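Undergrad: Kindly generate the complete structure, drawing on both the sequences and the hints.
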Amino acid sequence: MASSALNQKSSFHTRSNSLPSRPHPLIPQIDEHLCRLKSNEAAPSSSSSIPEKLNGLRDLYELVDSWLQLPSTQNSLAQNCNHNELLNGSLRLLDVCGLAKDALLQAKEDTQQLQSVFRRRRGDDAGFVNEAKCHRLIFSNPIRAALASLDGANQP
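Residue numbers for the sequence shown follow the UniProt record's numbering, beginning at 1 and rising by one.
No false leads were slipped in.
Simulated pairs of lysine to aspartate or glutamate, EDC-like, Cα-Cα distance not exceeding 16 angstroms: (1) K101 - E62; (2) K108 - E52; (3) K101 - E41; (4) K133 - D110; (5) K133 - E109; (6) K108 - E41; (7) K38 - D151; (8) K101 - E52; (9) K101 - D59; (10) K38 - E52.
In case anyone wonders, no lab produced these hints; they're calculated from the structure.
This structure is a prediction, so every number in the text was calculated from the model and none was measured.
TA: The structure is reproduced here in structure tokens:
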């Protein structure tokens, strides 16, 4: 009787769920870098923090590139029928990263020039300070617009 119960149980095929139980380790790292960049954006920038921000941006690029090269990501992209939407989102993200990089480089140059002006104590201090503020405004508007478009694209 016990042997017939075992035979009956073994004749049924059970399926297992093969979905990953947790995300790839790169995903939390990417999220962490994005959060760090967002928090750095709100903080006032000094000439010493700009290289850190650029290094963080470079690290984010490398992590996203590594994630995109994974076979599982490639398979997901191949199976997804919204290729154009994904590509457009990636391009928007790259545009925002490019704008942020340009803004950080310009801020670094402005900071270095401002430090130089203060060391020399030229009479044109106010003119350069106003020029630096103009650069800041020129770059902040496109970055805000790009971030708003990304936020709008992320919402369902």
